[in-house]
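Here the structure of chain A is known, so what remains is to put chain B in place on it, guided by the hints.
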Amino acid sequence: MKVHKISQYAAVALLGGATLFTLAIVAFIIGFVLEKGLPQISLEFLFSKPKDMGREGGIFPAIVGTLLLSAMAIVVALPLGVGTAVYLAEYTRETRLTRAIRFGTDCLAGIPSIIFGLFGYIFFVTTLKMGWSLLAGAFTLAIMVLPTIIRTSEEAIRSVPQPWREVSLSLGATRWETVRKAVLPNALPGIITGVMLSFGRSIGETAAVIFTAGSSFRLPKSAFDSVRTMAVHFYILAREGISSEKAYGTAAVLVIAVLAVNILTYGLMQRFIARRAR
Amino acid sequence: MSGELRSPKVEVKGLKVFFGKDEALRGITIDIAANRIFGVIGPAGSAKTTFLRALNRMNELKRDCRREGQVLIDGEDIYLPSCDPVALRARVGMVFAMPVPLPMSVYDNVAYGPRLRSGRSAVSEAPHNAIRGPSRSAKAELDELVKTSLESAFLWDEVKDRLGGSGLKLSGGQQQRLCLARTLAMRPDLILLDEPCSGLDPISTAKIEEALVILKARCTIVLVTNNTKQAARAADETAFFLMGELIEMGPTSAIFTNPADKRTEDYVTGRFG
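Protein chains in written order, with the working numbering: chain A, 42 to 319; chain B, 770 to 1042.
If you're looking for bench data, these hints aren't it; they were derived computationally from the structure.
Small disclaimer: the values here were computed from a predicted structure and weren't measured.
It cannot be assumed that every hint is accurate.
To be verified - Computed, partial: chain B to chain A, Cβ under 8 Å:
#1 Asn-825
#2 Met-827
#3 Leu-830
#4 Arg-832
#5 Leu-841
#6 Ile-847
#7 Leu-849
#8 Val-855
#9 Ala-859
#10 Met-863
#11 Phe-865
#12 Gly-882
#13 Met-955
#14 Arg-956
Said to hold, decoys possible - Below, computed lysine to any residue pairings styled on SDA-like, alpha-carbon distance capped at 25 Å:
#15 B:Lys-998 - B:Gly-838
#16 B:Lys-938 - A:Gln-203
#17 A:Lys-170 - A:Arg-216
#18 A:Lys-90 - A:Ile-283
#19 B:Lys-929 - A:Trp-205
#20 B:Lys-916 - B:Gly-838
#21 B:Lys-831 - A:Arg-206
#22 A:Lys-77 - A:Arg-96
#23 B:Lys-831 - A:Ile-142
#24 B:Lys-929 - B:Ser-906
#25 B:Lys-929 - B:Leu-914
#26 B:Lys-831 - A:Arg-134
#27 B:Lys-831 - A:Ser-200
#28 B:Lys-908 - A:Glu-218
#29 B:Lys-938 - A:Val-201
#30 B:Lys-831 - A:Met-171
#31 A:Lys-77 - A:Ala-65
#32 B:Lys-782 - B:Asp-800
#33 B:Lys-938 - A:Arg-206
#34 B:Lys-938 - B:Tyr-876
#35 B:Lys-790 - A:Trp-217
#36 B:Lys-938 - A:Lys-170
#37 B:Lys-831 - A:Arg-199
#38 A:Lys-90 - A:Arg-221
#39 B:Lys-938 - A:Ile-314
#40 B:Lys-908 - A:Pro-226
The beta-carbon is built from N, C-alpha and C at its ideal position, and this holds for glycine as well.
Just chain A, with the same shape it has in the complex (with noise of 0.2 Å):
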């Protein structure tokens, strides 16, 4: 055999190999955590209270303090991000500054979650007053996730066409206009999938919620009570020893929920894609 075609081979029997290995580790990862964790789940496990520290009963609250943190979270860092990224996109030319701004954002990025923790600690928790709480949670989640929703929209944005701005602008459109009608719609699922990857993260976002949101086990009646995301109460019943049967559960809903928000960004892309290739 000619070595150029044994090299072929090669090539392909490594790199199809990596892939194979990195999916068998994806699998085996969800598969262990299902296992284990799937005969504990039951609609009284998704919908009940936690008893005796989570010895017992279910994960409700903490389902819904995930929702409700991640949300806030992305109410919050949504219109900021898209904001900044639109910005830096559309109304300013490459310069020193952006360039800053770019690097500072891959920076905040790359910061561990635990020290936008100490940070949210600090600032929200301490100096602003707001105590463990959704609302602290929230906006050290939204500042964590920040430079993601910002990369991406940018990203998305600058893919837009050149010709569709300058079109519209010849039209006698403002370039906010321009923006509103021509750029943001066409960015947009672009958009989306960075929010979506960004809600994923936050769902599963355990060191910058521990220190803001705290661990209450109760609903939440405002934005001010404090909860456990499913990721804390994860945390807190196995370190604590409480009940690995309980946390397995956890740990299953919370990579059910993750798994979930990542396929349902994938069907919206999807549907997107098809749609304006209609």
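Chain B in isolation, oriented as in the chain A frame:
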């Protein structure tokens, strides 16, 4: 010349445009008469497009662009600070070299400009209207405007049954006529066309030229073209550009049959370019 009492539609006086240190347009002085098709020919890189985009202030959207000299439309200097480029572009239509339908329906493409205008007046004049949405008669008016614009661009018969379909699904020639219709919906009195037929088949080209000849009854048209034959067919007057300079201009027949400058002759006879 006693018949020419009307002042020209467009007066360009000593216009220079720079991109960074490059002097793209080197002092152009031209008068463009109203209700004429004014052709601009010249080889690639002779700044025909830059000239065109100076007439609706599109050049300034590019970075490092600088301008000297004046452009007067209906006697008004469009580069005075008091002239709003947004309002200017709303009354000076432009069709680009490549057909660029916006990614929306045929109807929405044509209605894009008029809706901007009505959206603004609804907000500034009657805020309660913006909440209730356009009235029924406004909708009928817009329908009519879309229809007449598409008719003027010779596209109505081909798209009347699929106004809701995406503009991107039309053929190239249809897309370019859609772009023309979209421009016409603004009811401009000056239309700038930048090589509008460069990618089109002869039949679509003929349809666009036919549309232009009819349109000049109500507007003035500046037609930049790479295709000298198109200028010869459609333009009343023609200017020959070379390397950012105006070499010669005059009645189209004179430019093509009896050019004064050797370079014009070489270009129109196909010896270079």
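Hinted pair Lys-831 of chain B and Arg-134 of chain A, Cα distance within 25 Å: Roughly 10 Å between the alpha carbons, so the hint for Lys-831 of chain B and Arg-134 of chain A holds.
Given pair status - Ile-142 of chain A, Lys-831 of chain B, alpha carbons within 25 Å: holds, 22 Å
Agreement of hint Arg-956 of chain B with chain A interface, Cβ distance less than 8 Å: This hint is violated: Arg-956 of chain B lies away from chain A, its Cβ roughly 11 Å from the closest one there, beyond 8 Å.
Distance restraint between Lys-998 of chain B and Gly-838 of chain B, which requires alpha-carbon spacing of 25 Å or less: Distance ~31 Å between Lys-998 of chain B and Gly-838 of chain B Cα, so the pair is violated.
Residue hint Arg-832 of chain B, partner chain A, criterion CB-CB below 8 Å: holds, 6 Å
Restraint check for Lys-90 of chain A with Arg-221 of chain A, where alpha carbons must lie at most 25 Å apart: Not OK: Lys-90 of chain A and Arg-221 of chain A at ~45 Å, beyond 25 Å, violated.
Hint check: 8 Å Cβ-Cβ cutoff, Phe-865 of chain B to chain A: holds, 7 Å
Agreement of Lys-908 of chain B and Glu-218 of chain A with the hint, judged by alpha carbon distance not exceeding 25 Å: With a Cα-Cα distance of about 21 Å, the restraint between Lys-908 of chain B and Glu-218 of chain A holds, given a limit of 25 Å.
Holds or violated: Lys-77 of chain A to Ala-65 of chain A, with C-alpha atoms at most 25 Å apart: Distance ~18 Å between Lys-77 of chain A and Ala-65 of chain A Cα, so the pair holds.
Leu-830 of chain B as chain A interface residue, shortest Cβ-Cβ below 8 Å: OK, holds: Leu-830 of chain B within 8 Å of chain A, min 7 Å.
Given hint Ala-859 of chain B near chain A, where the shortest CB pair must fall under 8 Å: holds, 3 Å
Restraint outcome when Met-827 of chain B is required to lie within 8 Å of chain A by C-beta distance: With a minimum Cβ separation of about 6 Å from chain A (threshold 8 Å), the hint on Met-827 of chain B holds.
Going through the hint list in order, the structure does not satisfy hints 5, 6, 7, 14, 15, 17, 20, 30, 35, 36 and 38.
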